[in-house]
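Residue numbers (the UniProt record's numbering), protein chains in the order written: chain A, 1 to 463; chain B, 1 to 463.
Treat the hints with caution; some may be incorrect.
Copies of the same chain look alike in the list, so a pair counts if it works inside one copy or between any two.
Distance condition first, Cα-Cα at most 27 Å in a straight line; then the derived DSS-like pairs of lysine-lysine [what the hints assert, rightly or not]: (1) Lys147 / Lys268; (2) Lys268 / Lys152; (3) Lys152 / Lys2; (4) Lys345 / Lys110; (5) Lys86 / Lys2; (6) Lys196 / Lys186; (7) Lys152 / Lys7; (8) Lys152 / Lys20.
No wet-lab data here; the hints were simulated from the structure.
Protein chains: 2
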Amino acid sequence: MKLVTVKEIYRETDLFLNQKVELSGWVRTVRTSKAFGFIEINDGSFFENIQVVFEESLDNFLEIGKLTISSAIRIQGELVSSPGAKQPFEVKAENIEILALSAADYPLQKKRHTFEYLRTIAHLRPRTNTFAAVFRLRSVVAYAIHKFFQEKGYVYVHTPIITGSDAEGAGEMFRVTALDMALPPKDESGNLDFAKDFFGRETSLTVSGQLNVETYCMAFRNVYTFGPTFRAENSNTARHAAEFWMIEPEIAFADLSDNMNLAEEMMKFVIQYALDNAPEEMAFFNKFVDKTLFDRLENILSSEFVRVTYTEAVEMLQRENVKFEYPVCWGMDLQTEHERYLTEKIFKKPVFVSDYPKDIKAFYMRLNDDNKTVAAMDLLVPGVGEIIGGSQREERLDILQQRMQESGLNAEDYWWYLDLRRYGGVKHAGYGLGFERVIMYLTGMANIRDVISFPRTANSCEF
Amino acid sequence: MKLVTVKEIYRETDLFLNQKVELSGWVRTVRTSKAFGFIEINDGSFFENIQVVFEESLDNFLEIGKLTISSAIRIQGELVSSPGAKQPFEVKAENIEILALSAADYPLQKKRHTFEYLRTIAHLRPRTNTFAAVFRLRSVVAYAIHKFFQEKGYVYVHTPIITGSDAEGAGEMFRVTALDMALPPKDESGNLDFAKDFFGRETSLTVSGQLNVETYCMAFRNVYTFGPTFRAENSNTARHAAEFWMIEPEIAFADLSDNMNLAEEMMKFVIQYALDNAPEEMAFFNKFVDKTLFDRLENILSSEFVRVTYTEAVEMLQRENVKFEYPVCWGMDLQTEHERYLTEKIFKKPVFVSDYPKDIKAFYMRLNDDNKTVAAMDLLVPGVGEIIGGSQREERLDILQQRMQESGLNAEDYWWYLDLRRYGGVKHAGYGLGFERVIMYLTGMANIRDVISFPRTANSCEF
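Produce the complete structure using the sequences and hints provided.
In structure tokens:
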């Protein structure tokens, strides 16, 4: 008797057809008539269920007929083809053992539940089709990203989560402390004495690993991070979470154009990998979550991404006869409405917008010769807008120092970052990719809370 | 002219030999005589350097001869074999362009530095041989772990970093807050009012993803986490950091024996992968860091891991004529001295010790029929001691509730964890692997601070 998984049966059917098999899994549905019955089980290994037929010859026929949803069972029987039926094969049970009976009040009975409700039972929702698909895809895509960079020889760097650095203006930070908050130590002037905290200083949760990973880029040439990042921003939107994962590659001896090449190649690799390695899940999303999904993804795979400068983009938007909520003028940050108009209406494919005004971008982005813009780039995709943001980094010490001063940063806090410019700091570039944004894009799921196992948002930190 | 990396030249020498190539990298050494000179460069792509020969026919011969260490250059020239020399080939430069001159006070001049000193320049230390090897290996091993689980169909789960759960007794936790700590809000009774904090409750940094990932195990059968975990423990040892990465697989329809099988298979896979995919780095460690390394690793690869129960292990240790600092008696937790004696002296290979007394283990470990021990297991390896800890989980609701009560835990806080036992909670098991411990084991590095890019320990949170 072969112990097999449903995945093996689907993927290598010929090996198991007309053989005795042993399976274990969780009951999704049970239907019975007088003399026989059907059970659909899911064994966790695969998106699809498998059907088990059982007959009254089983000792425990009546018991099996009354199995509650989500009970765990072990089945021994023969895998037979079932031509004409919904599924190509089924297991004719010779023996069914009940491993764990599920209570009758199991919340996921066979009816549709709202995503909002399912968030309240986030510990059970991966047992539904939608969330089984979302979270297996999330795993597959995480691996695709590692595979992409590792096969190119990039070094994966775990940049620190707890940081003593300031926000770099990237967003509000959470504080990390081991002090007794009800009775924190004070210094002589009555101020909070962080010198007595665990790290002997104020510490926070990181908002980006970029500055840290740049140091490794100057050693390993091509590097990337993939880890959690945090924002203490009280924005209750469908696209923001307080805790999310980010991928940040950084490449040396490389400029903004190399950076865009890498981003384009990575996006195409990841999409193709998802289609190839999670075909059942992707088909499910295309059918039930977003019927334009396959079209959208095919469009990306077959397009050469457009590249325009911010200045060109502003002129294009101004030429359009469209009333935007925020009228477009040079110097402003592009809003989602502008980004989506560019990628969806004007180009109908992914667009890199580059060379933004320096005043709306971070201090570490490389100043262009015009002294007005920096070598920044955003990748805009139809349906979402911005999905990647990156830049060539300012490698010239004097200009970097000046930009830090203009940004009100204290150069001493960044001594090690400035050191990179002192000791062989070649041109380099990198970008950040919000992992959840990618998953939303690849699934069509509209709320970031539905692509994170246990989402953390303002006023919500359950499970 | 082919733009190549040093890795490509070493790995596919035949493709490039006697060809014109273009390379860029950082200067490691320069030697000159009157008419010619040698530069060793490292381009970040590979552990080894490549030698560049340059002659006085170069326009900038004098300038090149004075290049400072860590300056970045671009070389065009021919790759020629150099029989008899230390290296099998070198580049005969036709043109050398200086991309970035390093300042003369570059701290990593050609002399040995202590690991302690190098920690103070953690932003530069990956440019040394030792740390280049450590951190490339870390990347390779991280990928090996993903590859191992993904190719088996395991689902990678990002369990939350910020948690509202209590410590589960796993260790001291860091608090996460967005409150103004100098002036925190108080409730009517004058207590700190966490309801006004970002998440509307007290929150901390996770010490383990296990309880969360068990929920996904009951949906996907085989799952794993790989993410940062935290301990606010003021232990200033070479083996503890406040922030470290952990791998936690969890398998359903599986017991303690399956769990040990998985751990053994994983360890062997990871070691073999490291030897195959980072041969230069591993040879370096074996030569310069720990001369027993290859022997140790070969021993693991060729051994079937021993399995003994805690009770057997205690009896064995008691039979030995050895004076331990802590005398061995049944019921005590094994100390590192005992663990190492078992694996190094008695068995001389890796040992699983299983079925520990319940009173020294966590509430979620499955109670054995003897009512005295639980289905826990630790993997002990020569040279380190414990490297993996795991258990079969208590899947029986009533016993779990009783164990929680005995442990002083509030069952209401764990309603979702208990739900898993209500709704088809089959037998399952899992373990935790401290990623840094593995890296220390695979490199011979003795201090955890030297295998983390920017380590966080008591009173230290630099960079």
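Of the hints stated earlier, which fail here?
Of the numbered hints given earlier, the structure breaks just one, which is hint 4.
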